[in-house]
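Colleague: In order, the protein sequence lines correspond to chains E and H.
Be aware that the first sequence starts at 1, since it is given in the numbering used here, and climbs by one per residue.
Be aware that the second sequence starts at 1, since it is given in the numbering used here, and climbs by one per residue.
What the hints contain is simulated information worked out from the structure, not anything from laboratory work.
There's no promise every hint is true.
As the list makes no split between identical chains, a pair holds if one copy fits it or if it spans any two.
[As the list claims (entries may be wrong)] In silico DSBU-like cross-links for lysine-lysine, where the CA-CA straight-line distance does not exceed 35 Å: (1) K5 to K103; (2) K5 to K17; (3) K5 to K21; (4) K81 to K138; (5) K138 to K103.
Each chain is listed here by its residues.
Protein chains: 2
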Amino acid sequence: MLVLKNRILAEGRNLGKGILKVDSFINHQVDPMLMMAVGEELARRFAQARATKVLTAEISGIAPALMTALALKLPVVYARKSRPITMPQGAYTQEAPSHTKGKVVELIVSPEYLSAADRVLVVDDFLATGQTIAALIKIVERANATLVGVGAVIEKSFEGGRAGLVGCGVPVETLVQIIDMSDGRIVFAD
Amino acid sequence: MLVLKNRILAEGRNLGKGILKVDSFINHQVDPMLMMAVGEELARRFAQARATKVLTAEISGIAPALMTALALKLPVVYARKSRPITMPQGAYTQEAPSHTKGKVVELIVSPEYLSAADRVLVVDDFLATGQTIAALIKIVERANATLVGVGAVIEKSFEGGRAGLVGCGVPVETLVQIIDMSDGRIVFAD
Chain E
1 MLVLKNRILA EGRNLGKGIL KVDSFINHQV DPMLMMAVGE ELARRFAQAR ATKVLTAEIS
61 GIAPALMTAL ALKLPVVYAR KSRPITMPQG AYTQEAPSHT KGKVVELIVS PEYLSAADRV
121 LVVDDFLATG QTIAALIKIV ERANATLVGV GAVIEKSFEG GRAGLVGCGV PVETLVQIID
181 MSDGRIVFAD
Chain H
1 MLVLKNRILA EGRNLGKGIL KVDSFINHQV DPMLMMAVGE ELARRFAQAR ATKVLTAEIS
61 GIAPALMTAL ALKLPVVYAR KSRPITMPQG AYTQEAPSHT KGKVVELIVS PEYLSAADRV
121 LVVDDFLATG QTIAALIKIV ERANATLVGV GAVIEKSFEG GRAGLVGCGV PVETLVQIID
181 MSDGRIVFAD
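The whole structure should be built from the sequences, with the hints applied where relevant.
Modeller: This is the structure we're talking about:
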């Protein structure tokens with residue numbers, strides 16, 4: 001996705017240790033027009049998946065997942081990282097390590113909004129080690145729902161997350177792939 | 001906003017103590033089409049405000065603020081509640097009490113994305129006691145930016161938040177106003 005690649009080249013910052021700062025347009029300040037284009041592109045790639053629901057994790061997954069769900073005309077569920085007082089017992093929970101927070105967080109989804117009848121498209125901002133996405137997939141399994149695809153905005157291929165998702169047997173689509181961030185570079189796959 | 005009022009009547013739950021459960025369409029599961037309509041209506045009401053930026057607080061403010069910003073073709077900034085490793089020093093911070101978490105949280109905005117040149121529209125999901133919105137306004141002031149308006153999706157008038165915002169001297173727009181939630185009821189202003 002050229003517009004996204006160009007934006008990363010213009011505004012992304014390689015902070016070292018594989019950390020890509022994109023908080024001027026994705027995860028602190030958000031460019032809604034870019035995010036709409038991202039959502040439309042992910043929706044296009046999964047147009048045949050017959051999803052009934054988009055699932056993401058708060059916080060930075062919300063914007064791209066919301067726009068993907070808008071384009072697909074589907075509800076979007078974001079897994080909570082703390083249990084709100086409005087959530088009933090019996091929630092699906094799954095631990096996932098958070099890189100940016102340096103600790104393990106719990107992802108929590110109410111059974112009210114994910115059921116065996118659902119065909120679920122998982123969307124997140126990054127596919128890096130894949131551990132957040134793997135946790136979301138475990139929640140889909142726990143709900144006896146059907147996973148139909150995984151989409152992410154930016155893939156850090158050098159962190160190997162895609163390999164861990166092969167066993168899911170669903171299409172994995174990412175809009176740009178970064179293959180190298182060593183020595184301050186940001187190198188794309190193509 | 002009739003479509004929103006009807007949705008609250010159909011799916012909202014009065015959990016007592018002024019807590020309105022709307023997590024089937026606003027803040028766990030989100031209806032993107034409804035949120036788009038919400039964003040377009042808030043954008044219409046602030047069309048003359050000449051805002052340069054929309055400001056909200058993670059987590060549940062993100063969806064309505066993103067859609068408002070999309071309709072206004074502006075960037076949206078969401079205040080973080082924990083400092084990501086990508087954020088530089090010198091951030092604007094302001095404490096705000098969180099009702100649903102029962103504790104004080106810190107709202108954090110990077111000075112990279114809010115400056116004296118900005119005209120800021122603050123958007124959140126709820127206007128209740130107004131303390132989250134007041135904290136966002138303090139961050140606007142700290143950045144020497146200009147507050148041009150405050151918008152919220154649902155106002156719980158009986159919690160009195162609007163009175164505390166009068167001193168700001170900007171328009172405060174909410175899309176539905178709930179005046180009473182005693183005895184299990186959900187009573188709208190009109």
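Colleague: Could you run down the list of hints and mark each one as holding or not?
Modeller: Going through the hints against the structure:
no. : hint         : in the structure
1   : K5 to K103   : within (30 Å within a copy, 40 Å between copies)
2   : K5 to K17    : within (20 Å within a copy, 48 Å between copies)
3   : K5 to K21    : within (14 Å within a copy, 40 Å between copies)
4   : K81 to K138  : both (15 Å within a copy, 27 Å between copies)
5   : K138 to K103 : both (19 Å within a copy, 30 Å between copies)
In summary, the structure agrees with every hint in the numbered list given earlier.
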